[in-house]
Each structure stands twice: as C-alpha cells, then as structure tokens.
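Enquirer: Chain by chain, the residues run as shown.
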Amino acid sequence: MKLGVVIFPGSNCDRDLIHVLENVMQQEVKVLWHKETSLGDFDQKDCIMLPGGFSYGDYLRSGAIARFSPIMNPVIEFANSGGYVWGICNGFQILCEAGLLPGALLRNANQQFVCRNVFVTPVTTDSAVTNALDRGRAYKIPIAHAEGRYYTDAKTLKQLEDNQQILFKYCDKSGEINEAGNPNGSLHNIAGICNVSRNVFGMMPHPERAAEEALGNIDGRFLFDSFIQFQGRAEVDVMDDLLR
Amino acid sequence: MSGTSHDPQVTTETAKELGLHPEEFEKIKTILGRTPNFTELSIYSVMWSEHCSYKNSIKWLKTLPREGSRLLAKAGEENAGLVDIGDGLACAFKIESHNHPSAIEPYQGAATGVGGIHRDIFTMGARPIASLNSLRFGNLAEEKTKHLLRGVVKGIGDYGNAFGVPTVAGEVFFDECYHTNPLVNAMSVGVVKVGKTVSAISYGEGNSVLIVGSSTGKDGIHGASFASQDITEDSHEDLPSVQVGDPFTEKLLLEASLEAIETGAIIGMQDMGAAGITCSTSEMSAKGKHGMKIYLDRVPQRQANMKAWEILLSESQERMLVVVKKGREQEVINVYEKWDIHCEQIGEVTTGDRLQYFMQDELVADVPAESLVLGGGAPVYEREYRQPDYFRHISEYHLDVIVEATDLRSIAMRLISSPNISSKKWVFTQYDSMVGIANTSTNAPSDAAVLRLQGTDKAIAVKVDCNARYVHANPYVGAMIAVSEAARNIVCSGGTPVAITNCLNFGNPYNPEVYWQFVKAIEGMGEACRKFDTPVTGGNVSFYNQSADDGPVFPTPAIGMLGVLEHYEDAMTLDFRNEGDLIYLLGESRNDISSSEYLSNISGVRFSPAPHFDLDEEFNLQQVVKELIQKDLIESAHDVSDGGLFTTLLESAMPSDLGFDISTDENFRKDAFLFGESQSRVVVSIHPSRQDEFLDFMMGTEVEFNLLGEVTPSNIVVDADDWGDVKEWKEEYENAIGNAMSHSVEATEV
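Line by line, the protein sequences are chains A and B. Add 3 to a position in the first sequence, counting from 1, and you land on the number used in this note's numbering. Add 218 to a position in the second sequence, counting from 1, and you land on the number used in this note's numbering.
Treat the hints as calculated values from the structure; they're not laboratory data. One or more hints might be untrue.
Far from chain A by the CB rule (all over 12 Å, computed), these chain B residues [what the hints assert, rightly or not]:
1) Thr-232
2) Gly-286
3) Lys-469
4) Val-598
5) Tyr-599
6) Ile-629
7) Asn-729
8) Lys-888
Quick list of in silico lysine-lysine cross-link-like pairs, DSS-like style, CA-CA up to 25 Å [to be verified]:
9) A:Lys-143 with B:Lys-948
10) B:Lys-436 with B:Lys-511
11) A:Lys-33 with B:Lys-556
12) A:Lys-176 with B:Lys-642
Don't be surprised by glycine CBs; every beta carbon is placed ideally from N, CA and C.
I would like the entire structure built from these sequences, with the hints used as guidance.
Expert: Put into structure tokens, the structure is as follows:
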C-alpha cells in the first residue's frame, strides 16, 4: 500500500502528515502536486490523503476553489471507482465541496478560529479508519479551524445515521457525547464521516498532530494504525482469494 | 536632474512635510551637490525616517552586547539575528513592532506585522517554525480596547494560521497608557542549515535584479514616516499608510523562495517591508558596495498611472527583491512560476554606488546608496535626556501607608480574574499553536514554549517578556528584569538562554524624559544580557508611541529570548504532577508589593518603585534551577512573576486539577507574601522520596529555599483556611477575558 498526499497551494499540514506517515508509521508516501491531471500508479488498495491548510487562501468558502484544482478530477474518479480517499480538516472541507462527502462545514458557532485539544469517540468501528478503535473511548486529538461546524439537512443526517456513516463525534474527557464536548457547534457533535461506500473519509481533528511521544500524545496514531492494519488485512484477503 | 513637471517644487517646506528637518534637507543638498527632486526627496525622507535609519537610537544600541561565540551574524548585519544552535543548525529570529498601523486598523496592522517578520526570516533561507507576540492595550473595560483586541487577535490568527506557522507564546497586558497607542510586536523564529543562508546583499556587475511576489499598489506609502510620528486626531487620515496582508501569497512566496535558494543562482535576497523598493535596493546595494539601475515602469503595478515616487515608496506586502546571477534568471523564474508567483526583472547591478531609477527610460532619481543607509550617510543624533518628573511620586511611596488586606481569598480571586493575570485563553485558542508538529508545550506546559527540532534530539525554548510597569517605575532595573524573566522562563523549561532580540517601544525621543527612559533601559538591558551571556542579535526600535491624550506609553522594551535544550526530553514543565508532592519556594521572600498587579490595580497605587531585584541573586537562582533539572530532582518548576506567589501556585495546580495546601511566613505581610512580585523566585515541586537528596543539594547552594506545603487532590488551602476546589478558581481564571469580550457592542453585533 502507498499513501498519496496532495499539496494544494496553501496546504500547510502536508509536511506534518508526510512526516508522520513516513517516519512514524513507516509507510510509502508519494507527493501529488495540485497541477497534476493523473494520479499515476495508484490502485484500489492505496489511499489519497488531502491535508489541512488554507487551500488557495480559502478567502471564499473553505475548499470551494480547491475542488476545481486539476488534481481533483483524478481524485474524484479514483474515489468513485472505490479507491480510498481521506481528508483531514481542509481536506474534509474540500471533499464536501467536491460532493464526495455529504453536508458542509460552516463557521464555528462562536465565529472564531479554535485551536485546542478536543476529545472524539468512534461511533462505528465499521470503517478502515475506526475498525481498530475502542467504542466508548475518548481519543484526545487537536482541532484547528474556523469553519468546522458540520451541518447537513435532516434527510441526509438520517441517511448518515442509518448507514452508520458517522465515524467520530466530539465528546468530553470521559467519552460522553454532550454539548460541553462540542467545540464548534457541529450538528449532533459530528467530527468525522464517511461516504455510503465507506471508502471516502473526512474529519476535522488532526490525528497527525497527536502521533508522537515527543509531543506527549499518541491518540491520533491509533487512527493511522487502524487504517494500515485494515489495509494489511485487505491485502491478505486479496491474496487468499487469489490462492483459492 | 529635475522631477516631472507635475511633481511639487522642492523646498525646505516640502522636506518638512515629508518629515525631514531643515538641517537634513541641507545635508541632502550637500550629498547630491544640487537640490533633490521630489522623488529623491521622498527616498531620503523614508530612508532617513526614524523607522529605517535608527538615527535617534543607534548611538545607544551600539552599547549593547552584540557578540558571542554562537552568533553567525552580528546585530543589524542581516534581516534577522542568526545563532548557531549546534548539530549543523542555526536559528534566525527577530521581533518587530507594528504599533501605529494596528492603532488605526487593528486587523490589517497586526496581520501585516506577522507577515513582515516572517519574511525577514525566510529571506535568509530559514523556515519559520514559531511565532510569538507581545501585545499591549488600554483598559479592557473600554469598548475601544475590546475593538482593538478583537481586531489584533483576529489579524494575527488569520495571517499566522493560514501561513502555517504556529503561534506558541506571547504576552497581553492592559494599562490605560496604551489606550490610544496599543503595542503590537510580532516575533518569528526560523531554522536553517548552517551555510545555507542567504544574505541581503547585491554585487556583481550585470547581475539581474528581480521583483518577486505581489504587484505594487498605493498602499502603505510613507508607512515608515507614519511610524515616525506621534499619533494624533488626524492619524486616521493616514489610513492609506496601512498595508493589506495576503497570507496565501506569503505561503507560496515562502515555499518558492526556499526552493529558489536551492538553485544556487541567487546572490542575495531581501523582503520589502518599510519603504519597499527604496529600502531593499539601497540596503542591498550599500552592503555589496555596488549600484543598481532600476526600471520602475517594469514593476508590476496594481493601479494605473502610479508615479515614480509612489512605486518607490509603496509598502504593498508579500514582495521581495532578489538579485540573481546573470544568465541563470530562468532557473529562478521557473521555481517561482511553479508556485504561481510573479517574477519580473526590473533592473541590473552596476559598478559604482549610484542607485538610478528610471521611468520610461527617463532617469527620475539618482542617489548614492551609501548615503541613504544606517551606518552610511543616514544621520545619527545624540538626544538630551533627564529624569522624568513623575519620579517625585515614586519616591513618595511607602509600604507602611498601604493597609494590609484582610480578606485574602477575595483579593486572590479578584487578582486571578483580572485581565492582566487571568488566562489569555480567549486570545491563544484563536491561534494555531500546533501546526508544524514541533510545539511540545501543548501537552507539557512550561514557562517558555519548547519546540523540538525534527531529525535531531534538540529543542529550542522561546519566550517574550517585559513588565512595562516595572520599566516605567525604574527603566534601568525594569529592563534588567525583562531580560532576567525571559531567561528564568527558559531555564525553568529546561533550556539554556543563548541570545535575545528586542523590540524597544518608547514615546517621542525628542522628549528628554522619554529619552531618559530609553537610555536607562538600554543600560539595564545591556548589563543583564552580559550577565546571562545572551547577546542582542537585532530587533527594532519603535519611538513615537504616544498621543496627545494619554502621553507616552510605558517604556516597553520587549525581550524575545532564544534558549537551547540539547535533548528535548530534558524539558521541564510547570504543572504539579502528584498529590502529596512537596512544594518549595526557591529564592527570598520579601515585604515587597512595589509595582505589583495587586498594588497597582487592586490597591490603585500607580506610582511605586520597581520590585526588588538583584542581578547576581537572579543569576545564582537560575544556575540552581538548571542543576535541579539536570539532576532530575524536581517534578515541576514555575517562576514567580506577575500576580505573585499565589498566582504561580494556582497556575501550577490547574493543568491537572490538583490543589495545594500552603502556609505563609509570619515574618512577612501576608499580602506581600502571596501577591508581591519581588523577583528571583521559582516554585518547584518534588516527590517526597527525593526530599533528602533535594535538601542536601540545596544546602550546598547560596540560594534560600523554604517549604511552602504540599500538593492536594483538589482543594486550595492557605494557612489552614480552605479556599475551595481548584476547579472554581480555574473557571474564573480561564474565562475572565472571554466574559469581558462577550459583553461588548461588537460581540452582540456578531
């Protein structure tokens, strides 16, 4: 498996993500430039990651311009054909703007940029990102955004719930999902979701900022571990199929 | 040489309007051997402004220690100081003011202050890894202050957050003297491999001069001159002097410039800050002892029909001047084009020392570079000074007339929920403090911010400090305290202080009382820097911080200090770790509440001396703290500063929701013991099993130490009186500023 990290003009968490994937998680990383029109040799078991930042300055709506970036055509194609795509923070905003994930990320309820540690808890373990996580446990992962208040209409919300597309909800230190644990006013405390096919993920918190002992917090590493293990198992399954 | 026909006729009056003194105008005529035209006069007016020339400060700045074994560039030699931090790495760092723009337009003023200081760092080839800031405002109860605070914080946040450099530390202080003239000082810290830096220099006949980045508009014209005057009721008319920032372009400019440096085709590079093209062309040329021909009509322009002097003086942001080896221009242009950054060749390097500016092939200005710059022809003045009149009031102060407070708990509560002492959470959560994954202080709070350096075991500790009330009370001692407190914070975090940058915010230098504050502060700063072996690597002087209504601001020499940790694991935190740990005070307690927050803002006494301070005592204390950390004898270290001992204890208790049970010392007034701000004290906590070892060690030092009490599970107990759960205190401490900000006209408008 290899991981592709897209650099948009204005991305600013790309270096952090690449560092964690390469040096902490020991994964093969390929950098993708926004002007490229093809992904090259990526296949279904690989994953394209959209990092945090302020793509194209985000002077309009966050992610509204990045979605028209040349690289997004092959990314959307890749997702639609079943390839894994994972957006963090600005990456999540871009995926919503691109229509790969439902809903939108509005200005935080307090109208301010917020950067601090928050707690999130997995709502389902039926996804590559959450399958190795503990239900009910509070994972401490920082957020840093001005537009992270997840919103969608009632019909879509019901679909998200029915299909178990909500991956993470903001919670308090003890893992309880309540108003006090909601840092931005997100609908139903939603912090991260996936699409119906469960191959496109988006989340506002930054797991790459909580992946090293040197920073005193490795809760984010569990998400990368979960994904890598899941892909590892998927590869074994493919091998099994071939052998059968 | 004559100006174009529609330029004003140049006379002594014109010179005066541009901020030049009659004798300066005469000097220009002597240098040129003729009367300058308007364009040339404009050039001199900005280059000889206080902001660019340091004409009223340089004499005293030269008395500061500016050399040390770790320094790779002397103060003023490059865009920022450069310090060798070992392992083949160097740190470039600098602090700069953006006070006047922020007074008029807080959002853009603060944003462009952040952008400007980062450009200073990355034009040297260093990647910025941390931002700090030092902010001063008027009384927070005032609507105007809330407006300024809201705008400045949003400006710093929006710029830094998008640019992608974490804001890791800072200070915010409120006093009515800053009502009209707030202070906004921004600091950037960058890292570069030794030997990979780029200099702000130009040489080599025929080499190409490129302008890179945003196009040039009429914004910020005469910004440097604007910064060199008092703020008056007419200052809002100077709004065009304030620039507009674009962090997105700056981010691209950063990445492109670092990549362009890799080509090896670059001779020199300088950002365009104050005085734009004028300043960058003259400083780079003077340094390389060459001239330039610049074709101003080739400069990409935002507006039509810009005049030569407007192009020369524009302070449009996110622009740089790059001198490239002849024949290798395309390599550099290719890099900038990859990042969609515009790059235009606007001239060439010439022999000799003339700067010749052309418009449509017509020579519009012809001046010697050397005559414009600091260290060259720019004027240097000695100003007279005398002890300010307000010192009478200070000498009238006596502790005995201050009635000792009896309800200590309610005083403590008022103190920790006052704007100066309470948490600045409302401010710093609006800043991205974690991008770059280097800031270890998020989960391990310490007195200074600690940043690990990827790929090494090393970390740096950075801090900005200045209690301007102390400096006002005694500029000499106050400036020594500012340096010492910064050093103490770095030492308490496990680091070794190595160098400082300073931002010297004062009133009008032509006022002898203001100038006295400046001279004494420089003397005190120099002495402390020599003691700690932390040379001054550069910085910025900001005079004219005063208004007709409020007079001069407190003299505010903000100190930005850099420290080094050989191993990031050696970092020490400020938080109490375990219930039952013993709490010790290192350093002497004193019957001293002088210039404390308690005396000034609770007792309402505005004039008192600086708190007790002795440089040797401070130095010895810091050596002891350093050894305690190296010997792994302590669990936490936190210095006693604004708010006094009680505030220090509370700040150590809150991170883990622990409490403390302490006893005061009957030899001292209780208010002085708990709230006094006498210097050179540190609170440490130790595990009981290490007590003997700790005592043995401390007995062998000259530093006084006293057992205060112990860490409790949750409650705060003072002299056996239960002051309640730490969480109640934390609630007040953390939300005081947020609550004040939500009760404002603007907040309800949102």
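Enquirer: It remains to establish, for every hint, whether it holds in the given structure.
Expert: Structure-based check of each hint:
Every Cβ of chain A is farther than 12 Å from the Cβ of B:Thr-232; the closest lies at roughly 40 Å, confirming the non-interface assignment. Against the 12 Å criterion, B:Gly-286 stays outside the reach of chain A, whose nearest CB is about 29 Å from its own CB. For B:Lys-469, the requirement that its beta carbon stay farther than 12 Å from each beta carbon of chain A is not met, with the minimum near 6 Å. For B:Val-598, the requirement that its beta carbon stay farther than 12 Å from each beta carbon of chain A is met, with the minimum near 43 Å.
For B:Tyr-599, the condition that its CB be more than 12 Å from all CB atoms of chain A holds, with the nearest at approximately 43 Å. No Cβ of chain A approaches the Cβ of B:Ile-629 within 12 Å, the least distance being about 30 Å, so the stated non-interface status holds. At roughly 40 Å from the closest C-beta of chain A, the C-beta of B:Asn-729 stays outside 12 Å, upholding its exclusion from the interface. No beta-carbon of chain A comes within 12 Å of the beta-carbon of B:Lys-888; the shortest separation is about 36 Å.
Distance check on the hinted pair: A:Lys-143 and B:Lys-948 sit about 21 Å apart at the alpha-carbon level, within 25 Å; holds. Between B:Lys-436 and B:Lys-511 the alpha-carbon distance is near 22 Å, which keeps this suggested pair within the 25 Å criterion. For the hint pairing A:Lys-33 with B:Lys-556, the CA-to-CA distance comes to about 19 Å; that is within 25 Å, so the pair holds. Distance hint between A:Lys-176 and B:Lys-642 is fulfilled; the C-alpha atoms sit about 22 Å from each other, no more than 25 Å.
This entry does not satisfy hint 3, going by the numbered hints stated previously; all others are met.
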